[in-house]
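Participant: Each chain is listed here by its residues.
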Amino acid sequence: MSTITPLPVLTPKDFASDQEIRWCPRCGDYSILAQVKKILPTLGVPREKFVFVSGIGCSSRFPYYLNTYGVHGIHGRAPAIATGLKLSRPDLQVWVITGDGDALSIGGNHLLHAIRRNVNLKILLFNNQIYGLTKGQYSPTSPQGQKTKSTPFGAVDRPLSPLSVAIGAGATFAARSVDVDIQHLTMVLERAAHHEGTAFVEVYQDCNVFNTGAFEYASDKATKNEHCIYLEQGKPLVFGKQGERGVRLNGKGLPEIVDVASIASDDLLFHDEQADDPSHAFRLAQMRWPLSPEPMGVFRAVSRPTFDGAVVQQVQDVEAKLGPGNLDELFAGAETWEVV
Amino acid sequence: MTALVDTAPERPLESLESVVIRFCGDSGDGMQLAGTQFTNVSAAFGNDVSTLPDFPAEIRAPAGSLAGVSGYQLCFSSHEIFTPGDEVDTLVAMNPAALKTNLGDLRSGGTLIVNSDAFDKGNLTKAHYSSDPLSDAQVTSSYNLHTVPMTRLTRDAVEGLGLSQREADRCKNFFALGLVYWLYDRDPGPTREWILEKFGKKPQFAEANLRALQAGVNYGDSTESFTTHYRVAPAKLPPGRYRKIMGNEALAYAMAAAAKLSGKELFYAGYPITPASDILHNLAELKNFGIKTFQAEDEISAVTSAVGASFGGAIAVTASSGPGIALKGEGLGLAVMTELPLVVIDVQRGGPSTGLPTKTEQSDLLMTMYGRNGDCPMPVLAAQSPGDCFTMMLEAIRLAVGFMTPVFLLTDGYIANGAEPWSIPKISDLEPIEIKHPTSPPTNENAYLPYLRDERLVRPWAIPGTPGLEHRIGGIEKADVTGNICYDAENHEHMTRIRRQKVANIADAIPPQTVEGPASGDVLLVSWGGTFGAVRTAAAEARRRGESVAHCHLRYLNPFPRNLGTILSRYRRVLVPELNSGQLRMILRSTFLVDAIGVNKVQGKPFLVNELLKAIEHAVVK
Ligand SMILES: Cc1ncc(C[n+]2csc(CCOP(=O)(O)OP(=O)(O)O)c2C)c(N)n1
Ligand code: SF4
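First to last, the sequence lines map onto chains X and U.
Heads up, the first sequence is in the working numbering, so the first residue is 34 and it goes up one at a time.
Heads up, the second sequence is in the working numbering, so the first residue is 62 and it goes up one at a time.
Here chain X stands alone, though its shape is the one from the complex (with noise of 0.2 Å):
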């Protein structure tokens, strides 16, 4: 008779490193970090399965912070680095930490690849709209005129949506949630950790020093139901203090902001994360703050192959078709002959 050995209870305490925390005070990657540290214990994955990989960036810092283990890496090349870990190692479960510079601008490439070969990865990138390790500058996802230390009389190129990219490059897993909406990013980060595939998690950050109060629409408790619609499986798209206010499309397809009251509301629009055509998420993605509410929680979630199980599977595949290789027949190739 075998007994199961139960696992170790753990506590977010026990995925505590021992090093001194350096980001500055008030920053919101504490806030992610104490999050991170509550759901890991829940997850039933040993302390030691976990990897935590990141780029550069005050965001990337994260790994020192946990007691897994860790790869703090090069600048955009978490995705890259990961994917080699994940794909020799998928009994791991493996995170990515990476901010709004390190993922959509030097990392763009390696971002799109993971994402498009649906790696099972999580990867949360901490968007702060602003390089805060060098100290300021604008980044690819600053509001257009936004005056910073390389863009003093205002930014002039277009932003990019982080899950507009992601949802793009064929994201089976995409959402969103704000760095103090404790429970709302409890959620979001759960249902990513449970994900296979790449979970593709934007988290929005306060930059306290160089960019603060940028999503304060978002998180300021008070009015961020005005601002905000927190998306649910099934559920139509309102907002508003009480709901009052909601998403339905027009003619053209398009969504447009109506009294709830004063349609029918099977007229409004459902939500549908697991819609097999990415349209409805991307048009999600699309609906941004000021011009328009914003959707937060999950905008897609649906299920495909990974990338990592389907390498593991092919080998497996061609193992059962050819057997195990034998090095001998292989050095010696087609032709041979002897020389006595």
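The hints are simulated quantities; they were obtained by calculation from the structure and are not laboratory data.
Backbone N, C-alpha and C fix where the C-beta goes; we use that ideal spot for every residue, glycine too.
Some hints could be false.
Stated by the list, open to error - Covered, in the sense of this in silico footprint (three residues per stretch, anywhere, with C-beta under 8 Å from a C-beta of chain U), are these stretches of chain X:
| hint | segment |
| --- | --- |
| 1 | 48-57 |
| 2 | 340-354 |
Claimed, not checked - Restricting the straight-line Cα-Cα distance to at most 25 Å, the calculated cross-link-like pairs of lysine-lysine (DSS-like) are:
| hint | chain 1 | residue 1 | chain 2 | residue 2 |
| --- | --- | --- | --- | --- |
| 3 | X | K354 | U | K497 |
| 4 | U | K259 | X | K82 |
| 5 | X | K82 | U | K325 |
| 6 | U | K321 | X | K354 |
What the hints assert, rightly or not - In silico negatives: residues of chain U with every beta carbon more than 10 Å from chain X:
| hint | residue |
| --- | --- |
| 7 | N101 |
| 8 | N349 |
| 9 | A387 |
| 10 | Y431 |
| 11 | G435 |
| 12 | R514 |
| 13 | E531 |
| 14 | E554 |
| 15 | K563 |
| 16 | P572 |
| 17 | R623 |
| 18 | F653 |
Knowing the structure of chain X, use the given hints to seat chain U with the ligands on it.
Facilitator: Leaving out everything else, chain U with the ligands in the frame of chain X:
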């Protein structure tokens, strides 16, 4: 298979020691195939062989143009050879452009076989000939010229098989091959078998190629054009089983061997680039050998994914050529800082920038030695021949995992695509690769110490999934022993020294340098990489002429073997032949304060033995 000798009793059969043949034609003419077939047949016959394929850079340059010429040179011999030969004995030219670009390499009095059907006005113009070279007195008097209407004869041979004219014309490389088989008394049997296997599904193409091949043989046999044919006896190689091998193939086999010898998975990541792509192609076939391949989105991803796999405990390898190696630089710095094992293969080609993608060069040595930011030492090895790629790849892996360091292995386009006979190793004769991952957490309450080193300064390789050894590594400078982030000034200097010393310690783990020739004397030739064969041959020839010339060929470039300095001091002159402007020479000068003299060629082509002999003569006289 009928032996050709029997069918041509009236023609004398002369013995030769070695022969250099070059097939050249339009890239669509199948010259690489003809050359490869001739090589296989000669190798299987027991000759020593050495090859030099020469591809055009353009995939589809206009037909008949000078840019579209593709060539394949091989030397086959009854004694040991190390190069595909300086001068061509027999040149097969399928069109005017091929003649124009290759005739200069044919020795005076050599055999020149041309497809006369291709010498029409249009092709002559495309090759910038103002008049027909085949009636040029200079050509007809200098060479043993055979004008053969190969296109027409091939069409005649395949008539009735229902092939289009285009399809029929594609068979003419086999006609040329058959003719050369006759000329050198080769058995076309293996090529027949190859044709049957290759075109098994299309019997009419198989039949057409077989007929073309036979037509070529018959042409030599029955026309009066060739008065003699020749035989090159088998070479006396050391006893054993042999096969023909190319450099990129040998690299792949070594990786499969390493997976077996270590009991680990081998992870290979690469992004396509000439002339390294074949490594990926070869490995992708070997999924049942413990190998995982990853075609990354770029070279940066290739190297960093390999770093990730190495962190996970795999034997990680990535390969590229110059431009891709340049992109990998930052990732290699990460591997140096994290002290993770990794092998990076640089199949060198002509540079800088895109340079000469299909041509060979040795101009990346300084990049691999110094081309990273910071004080960033990496061991550098170099393979000397196609078969040596196997040995040095295994050696690179052994050093990488043994010393927890990324290691460079240099090869080049010449040895990557060149072929030579290879004494087939047995996997059971190869030494196991021992890899130990720590498994137990430290006994005291302290955290695991990822940078606690052994006496050789090597840190442990703990891998994720091991309880109690959780740790974080990265590119920021780390505190000695603990590996925690550390910006302390003294610590940085200490760690820089340690990283350098660790790589230097590898000198204790590599064999001492050997020298071929006198242990002291007039001239020492110091070479590295794919120039081995030419330099070895030149040094031997110089000694035969009575000169005191030794050859020292380096396979370990960083660190150097411990006895290299002593060796250098024993000769009056040190000559450093390289296919670059003097990169090893610069390192030798700065390391050993020796007045090394460069012999440099940067033409995208290997050294000719004669060029080296001239340089030796010059050095001896001075
Ligand atoms: C190759 C390279 N280029 C530039 C840098 C400098 N650098 C470090 S972090 C960073 C931007 C980080 O911004 P972001 O990803 O938004 O992260 P944050 O610091 O805001 O968390 C830059 C440009 C670097 N480390 N490496
Ligand atoms: S600079 Fe900004 S993002 Fe970086 S630690 Fe400080 S507050 Fe956080």
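Participant: Indicate, hint by hint, whether the structure satisfies it.
Facilitator: Checked hints:
{"no.": "1", "hint": "48-57", "in the structure": "holds (count 3)"}
{"no.": "2", "hint": "340-354", "in the structure": "holds (count 5)"}
{"no.": "3", "hint": "X/K354 to U/K497", "in the structure": "violated, 32 Å"}
{"no.": "4", "hint": "U/K259 to X/K82", "in the structure": "violated, 49 Å"}
{"no.": "5", "hint": "X/K82 to U/K325", "in the structure": "holds, 19 Å"}
{"no.": "6", "hint": "U/K321 to X/K354", "in the structure": "holds, 19 Å"}
{"no.": "7", "hint": "N101", "in the structure": "violated, 6 Å"}
{"no.": "8", "hint": "N349", "in the structure": "violated, 4 Å"}
{"no.": "9", "hint": "A387", "in the structure": "holds, 15 Å"}
{"no.": "10", "hint": "Y431", "in the structure": "holds, 19 Å"}
{"no.": "11", "hint": "G435", "in the structure": "holds, 13 Å"}
{"no.": "12", "hint": "R514", "in the structure": "holds, 20 Å"}
{"no.": "13", "hint": "E531", "in the structure": "violated, 5 Å"}
{"no.": "14", "hint": "E554", "in the structure": "holds, 22 Å"}
{"no.": "15", "hint": "K563", "in the structure": "holds, 21 Å"}
{"no.": "16", "hint": "P572", "in the structure": "holds, 23 Å"}
{"no.": "17", "hint": "R623", "in the structure": "holds, 33 Å"}
{"no.": "18", "hint": "F653", "in the structure": "holds, 35 Å"}
In summary, the numbered hints that this structure violates are 3, 4, 7, 8, 13.
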